[in-house]
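Chemist: Work the whole structure out from these sequences, hints included.
Going line by line, the protein sequences match chains E and H. The numbers in the first sequence follow our numbering, run straight up by one, and end at 545. The numbers in the second sequence follow our numbering, run straight up by one, and end at 1545.
If you are wondering where the hints come from, they were derived from the structure by calculation, not from laboratory data. Owing to the predicted nature of the structure, the values given are computational and were not obtained by experimental measurement. Think of the CB as a built atom: it goes at the ideal place given N, C-alpha and C, for glycine as much as any other residue. Don't take each hint at face value.
[As the list claims (entries may be wrong)] Each pair of labels, with its calculated beta carbon distance range: (1) E:Glu16 to H:Lys1442: 50 to 56 Å; (2) E:Glu157 to H:Arg1259: 52 to 58 Å; (3) E:Ser245 to H:Glu1132: 45 to 51 Å; (4) H:Glu1500 to E:Lys289: 29 to 35 Å; (5) H:Gly1497 to E:Gly343: 53 to 59 Å; (6) H:Asp1499 to E:Glu132: 43 to 49 Å; (7) H:Glu1500 to E:Phe394: 30 to 36 Å; (8) E:Glu485 to H:Asp1232: 54 to 60 Å.
[Unchecked claim] No more than 16 Å apart at the CA atoms, straight line, and that leaves these computed lysine to aspartate or glutamate pairs for EDC-like: (9) E:Lys134 to E:Glu168; (10) E:Lys393 to H:Glu1376; (11) H:Lys1542 to E:Asp57.
[Unchecked claim] Some chain H residues close to chain E (C-beta under 7 Å, calculated; not the full set): (12) Ile1012; (13) Phe1055; (14) Val1162; (15) Ile1378.
Protein chains: 2
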Amino acid sequence: MRIALAQLDYHIGNFEGNLAKMLAAVETAKSQGADLICFGELAVCGYPPRDFLEFDDFILQSQASVDALKAVSHGIAIVVGAPTRNPVVAGKDLFNSAYFLSEGEVLGVQHKALLPTYDIFDEYRYFEPATEFKPILFKGKKIALSVCEDIWNVGNENPLYVISPLDEMMPHKPDFILNLSASPFDYAHAALRIQIVRANVERYGIPMFYTNHTGAQTDIIFDGGSIIMSPDGQVFDEMPYFEESVKVYDLDEVLRGGRSAEQPKNKVQLIHDALVIGIGDYFRKLGFKKAILGLSGGIDSAVTVVLAAKALGPENVRVLLMPSQFSSGHSVDDARQLAENLGITYDIVAIKPMYEAFEAALKTQFEGQPFNVTEENIQARVRGTLLMAMSNKFGNILLNTTNKSEMSVGYGTLYGDMCGGISVLGDVYKTEVYELANYLNKDGEVIPQNSIVKPPSAELHPGQKDTDSLPPYEVLDPLLFQYIECRQGPRELIAMGFDEALVKRVLRMVNINEFKREQAAPVLRVSSKGFGMGRRMPIVGKYLS
Amino acid sequence: MRIALAQLDYHIGNFEGNLAKMLAAVETAKSQGADLICFGELAVCGYPPRDFLEFDDFILQSQASVDALKAVSHGIAIVVGAPTRNPVVAGKDLFNSAYFLSEGEVLGVQHKALLPTYDIFDEYRYFEPATEFKPILFKGKKIALSVCEDIWNVGNENPLYVISPLDEMMPHKPDFILNLSASPFDYAHAALRIQIVRANVERYGIPMFYTNHTGAQTDIIFDGGSIIMSPDGQVFDEMPYFEESVKVYDLDEVLRGGRSAEQPKNKVQLIHDALVIGIGDYFRKLGFKKAILGLSGGIDSAVTVVLAAKALGPENVRVLLMPSQFSSGHSVDDARQLAENLGITYDIVAIKPMYEAFEAALKTQFEGQPFNVTEENIQARVRGTLLMAMSNKFGNILLNTTNKSEMSVGYGTLYGDMCGGISVLGDVYKTEVYELANYLNKDGEVIPQNSIVKPPSAELHPGQKDTDSLPPYEVLDPLLFQYIECRQGPRELIAMGFDEALVKRVLRMVNINEFKREQAAPVLRVSSKGFGMGRRMPIVGKYLS
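Modeler: Encoded structure:
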């Protein structure tokens, strides 16, 4: 038996586009003699469809796509994920299902039982868990069909569910496991996925074909890396990261095993590739081509613009240099040099006239008040307004350049430097931004070395440095990582050796700035805990604040 | 037996404050001879605690509060909601539990089985559902303890769950039902709650004591209205809306029934009271006192400022009047009149100098480009920057005045009039804003009549009216209501008689503006489907757009 896996970049709600891609993949697989082709979880509608699932019309269109695939399932079986109606009145109205289509018929449907409802996932919001598990019989083989999370209760020290669906299938002695996934990227996730697939293969002693999505849906990036694992627990093949791919495998060869084709996993490279895809798909899927951002001469905007130029082409990226009276001379030079290195259009617009107009307008009200964060914020908001004006006039979408360290502690101006359609670095700590900068310069200097080595500064008052109000990033970032990614509380953090006063101060900064993150741009997610839908915190809470 | 219900305004994560309130309520109940007192769901930590539940420390502090209540449960039993650890490794790590504390001991614990995971609720994100149900025996009575949603599968045409926990209790013949809830307000919810309580009482033939929270947690408002229902299905008592209250009931009297004490439910009044509480609690719980907002002479800012003055006191509300060259003379007059009617401080700051400074700064770039939405947005962003500058300098929190109709169709400027810490009217359609305005004027004109009767306009270009780019609100609002609140798709909307072209246009406007709502301030929720956590839509989706 020859099995094709199709790892595609779906688009949420774009039924026509998704179907066209799948039909093309069916043709490719057929031409290579495949007996069946397997697509991803909820492939017909894209993932995550969120509350579109509450519209009857959305389910009807999903079913129409399944019908269209069923109609072409001649000479090749098609396995595809789609939402389906729960015919029973009690319980949620939908199932998250895998359809097995063959010769114009539905040969079988397997619903998902384990519904991820944590981090960015909300599946129990929509779906009823499956209670029946039965392999599909196809061309003499028994296929254990499963959807994504249904394999994740195995090989897990703290299993989230009380059953493991494949356990229920095993009395039927299936020949192999076919898993339809939509498993989002984080820089450690490809390795974890392989570990979970291996735990299943070892537990059940049969091979697994695991199909993932690729491409980004706003903040959520899918990295592909679909897995074919032999019963010997070796990765027979791992499909490419961040690319569409259709490949055909011979079941007998996979059963034989003895082949290890796992791809190298380099953290910085994975983050880099994810961000380039993330930017690109945000624009492509919204029908935009051109970006704009502010270049300050600092490292965050430098890294962002290089990534944007890679994703969209330098001809589609435009920048504003917006010096103030507090900007150092070299900042403009560094920014200009970078723009020239990339071959992108830049304009220099000084913010002083607008800043002074605001000062004059509020002179009576501000009489006798000292210069403080208010005036710093006015500068940031003048820049935001200039960038948005360019964006509105020319249709360039504003990219936000705030990094995760700043976003964590609220070091940034709401409606100022926090403006933008999508946050490129909001899930990348400052220390990781430096790693990215060096990675981007690995084949020759693109980002001026000066932007990398100078002490970070917002340049909003004379001589300002980030370390005036924040601990050094080498200290701050590991603390933030333990608090945000690892959910360690004050007691655990102090036990790890972090200074008690620092822990209290930093946790307070993180918590009292929830109101800013609530209004932030969506953040391209590259870690296991990004800001946005994956981290849900009260605003008026009084805890560690 | 005498049963006390305590409907309190908890504060998420404020363990000390919540405990102090509960201890005071215990004393009150004791002094009135109560045998037991019942608090709300997750009362020790406040609701919804969201991802704070993922911190071990948060659970330990919750348990410490339970222990403190246990220690004082002498002469009176205390029933209280708290998160508890699930001792079994498989499944979620927590239960959402009701503790029955008596004479310094835990007499029983009932976990919640039905975990609301829809709209604003995310409970399956954290909790394992209960599988055991047993009444508590106390002073010769068998008490069916239940947490919130566990009574909601009864009396429901489309039940979300496959079991009804109280069904499992009934073989033990309990004497009455005690329900600990955290049931948020919407203007139709108090009536629905009574209907569900009645369906349970009629099904099981025993009385119910239902305890709710009151007060607001950012966007989510609890309206109290705790219910005591006799076996005859009549409301023996309904506790006040939007107020803390501790009341003691005699079980025999409730059993006897024959009394109907349901409160009147007036939609506009309920929305009004909810918004006043919502504003007040946002400030009190964040430790702020003073608000600021922009007064345009239009109806949205007029209604917002009156609500703010009621919530915070006129002495704590300050406004800016920020006319442009496109503002009509009467707009400033109306705004000034309103400020004087309320006795609040106002400043007039013309935006022309900043607007002209931006025009001059971008002159080269904008050469030959016509005046369009860019220039309109610059005006709105200058106003946002002025308001935020006042906010930063004086600590007044900015109130957002955008209404739900505008927010739905994206008629508003991101980082401009969409600025603010909390959106007061973001869940109130424009037609409802008029109803609120008339309600606020019912005892004499506070809002100048001219602000109510003039055609709505953003006044961002000469002679502009909302109806230049939007259908009349009398047409738009019902369509939005059917799409947003009722999740009706295009086919259903057209079948209802809405014009096909209009349906297509409006649904498209709603969907392509998801990116704006993603960055909006949290919205005080007063309807069954507010923007924010309760409505989760993809941004890059291509559906009805």
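Chemist: Look at each hint and say if it fits the structure.
Modeler: Each hint tested on the structure:
1. E:Glu16 to H:Lys1442: 50 to 56 Å: holds (53 Å)
2. E:Glu157 to H:Arg1259: 52 to 58 Å: holds (56 Å)
3. E:Ser245 to H:Glu1132: 45 to 51 Å: Cβ of E:Ser245 to Cβ of H:Glu1132: about 49 Å, so the range 45 to 51 Å holds.
4. H:Glu1500 to E:Lys289: 29 to 35 Å: Since H:Glu1500 and E:Lys289 have Cβ atoms about 31 Å apart, the given range 29 to 35 Å holds.
5. H:Gly1497 to E:Gly343: 53 to 59 Å: holds (56 Å)
6. H:Asp1499 to E:Glu132: 43 to 49 Å: Holds - the Cβ-Cβ distance for H:Asp1499 and E:Glu132, about 45 Å, lies within 43 to 49 Å.
7. H:Glu1500 to E:Phe394: 30 to 36 Å: Given range 30 to 36 Å: holds, Cβ gap about 34 Å.
8. E:Glu485 to H:Asp1232: 54 to 60 Å: Given about 56 Å between the Cβ atoms, the range holds.
9. E:Lys134 to E:Glu168: OK: E:Lys134 and E:Glu168 at ~8 Å, within 16 Å.
10. E:Lys393 to H:Glu1376: With Cα atoms ~11 Å apart, E:Lys393 and H:Glu1376 stay inside 16 Å; holds.
11. H:Lys1542 to E:Asp57: holds (14 Å)
12. Ile1012: With a closest approach of 4 Å, the H:Ile1012 hint holds.
13. Phe1055: holds (5 Å)
14. Val1162: OK, holds: H:Val1162 within 7 Å of chain E, min 5 Å.
15. Ile1378: holds (6 Å)
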